[in-house]
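Chains as they are written, first to last, in our numbering: chain A, 236 to 528; chain B, 72 to 174.
Treat the hints loosely; a few may be bogus.
As the list claims (entries may be wrong) - Simulated pairs of lysine to aspartate or glutamate, EDC-like, Cα-Cα distance not exceeding 16 Å:
1. B:169 / A:257
2. A:331 / A:257
3. B:169 / A:416
Treat the hints as calculated values from the structure; they're not laboratory data.
Here is what each chain is made of, one letter per residue.
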Amino acid sequence: MTAPAARDLEDARRQKLKAQIEDTARKGGALVFGVADASSFDAAPEGHRPEDLLPGARSVVVVGGAKPRSGDWASPNFRHLELSTTSDRVTAMAMKLAHLIERELGYYALVVPPGVDEGQQPFLSLSLAAELAGCGTPSLAGPVLHGEHGFVYLAALITTLPLPADGPPDMPVCPAPECIDMYEENGRTPCTAVCPANDGGCLDGRISDGRWVERTYDRARCTARSYNHWIPSFQKVLADTLDEPDADRRRMMINSTLFTRTLWSMTYSNISQGQCFECIRVCPVDARSRELK
Amino acid sequence: MSYFVDPETYEKYREAVLEMSNSVQINLPEHLPPDQRKPPRSDAEIAEALDLDEATVREIRCVAEREYYGLEEWQKALEFKERTCRGYARQGLSFVTKKYVKR
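Please model the complete structure; the sequences and the hints are all you need to start from.
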């Protein structure tokens with residue numbers, strides 16, 4: 236067999252394996268699926284690239300789905316979305332694919348842990364992985380948006396199995412055409428209007444030629460909103476309580492609604508991960524994917 | 072260093088560490104075309120620039136991120152979400168766009 240013919244055969248084999256993995260993902264409920272080249276994570280800091288987590292890494296498989304239901308977005312009670320996180324379903328989907336790759340195909344596969352390390356950093360940026368795998372592009376607000384499905388929960392696995400990479404989308408999903416129109420008229424987009432960094436919110440940015448060319452994100456304030464009842468509020472109430480000399484006031488703080496609700500959310504952590512969705516709630520890209528009668 | 076960073080070191084380097092890390096996200100990589108991206112410095116890179124060890128930088132950053140806003144910001148968060156969620160439920164996207172998209 237000639238060298239080009241052998242290459243063609245190998246390419247066909249890899250395409251077939253990729254199709255097998257995607258088919259398993261789709262049957263498991265994946266709305267989006269893509270593959271990134273493990274060597275393409277140049278934008279990630281050292282220590283947070285695929286090879287740092289799995290020696291010999293060749294591909295990063297990204298799956299997404301389990302998005303909030305349209306009714307969740309329509310509810311007037313913001314607490315509803317806070318208690319409806321379904322990201323663990325997508326992580327379980329990635330785990331299933333990892334089993335397939337290891338047990339049936341014979342290659343190492345490592346599901347990127349959904350948590351953070353001791354420095355509060357993700358082991359691998361799912362946002363960057365999703366972009367490099369063609370599963371969408373990061374929005375100004377942060378979450379990756381898929382062109383058709385909008386906001387989805389994501390998971391990634393790193394594998395030594397060489398697969399054909401999809402590569403980043405040609406055009407960013409954010410800003411949407413509606414956002415560009417609004418920005419050209421008043422300098423705001425729906426997300427920067429609802430949560431403006433210069434007026435007590437988290438976001439700001441500048442659009443030029445239909446693309447974001449500057450971006451400001453107040454991560455600390457976003458933490459207060461998205462982890463409203465979570466580890467940071469636990470630490471703050473605890474520190475304030477220890478500083479409080481008055482026993483009666485300490486009792487009010489320990490039994491307060493904030494502290495009690497925080498303990499509840501930490502107990503049921505798998506459904507309470509994200510606690511602010513207001514920038515994505517008003518996102519036209521995502522709104523298009525959840526319009527119902 | 073011991074497991075906990077000493078307060079003097081923390082106060083001395085707090086602002087510099089926050090500035091160099093991705094705690095203040097100005098033009099973070101993922102949100103811009105590749106040629107315009109400005110990646111934040113890692114803890115190791117900050118440590119080298121400030122002549123500290125990496126673990127000390129990590130401790131300073133994590134404590135500073137937690138202390139950045141006081142507890143009142145958590146109360147404001149509840150008020151913000153209550154207002155915006157109900158506004159969207161009532162008016163849809165026109166709650167913020169005013170006229171571009173109807174629910």
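Hints, verified against the model:
1. A hinted pair counts as satisfied when its Cα atoms are at most 16 Å apart, and residue 169 of chain B with residue 257 of chain A does not qualify at roughly 41 Å.
2. Of the supplied pair hints, the one linking residue 331 of chain A and residue 257 of chain A holds, its CA atoms being roughly 12 Å apart against a limit of 16 Å.
3. Between residue 169 of chain B and residue 416 of chain A the alpha-carbon distance is near 12 Å, which keeps this suggested pair within the 16 Å criterion.
The structure is inconsistent with hint 1 alone, although it conforms to all the rest.
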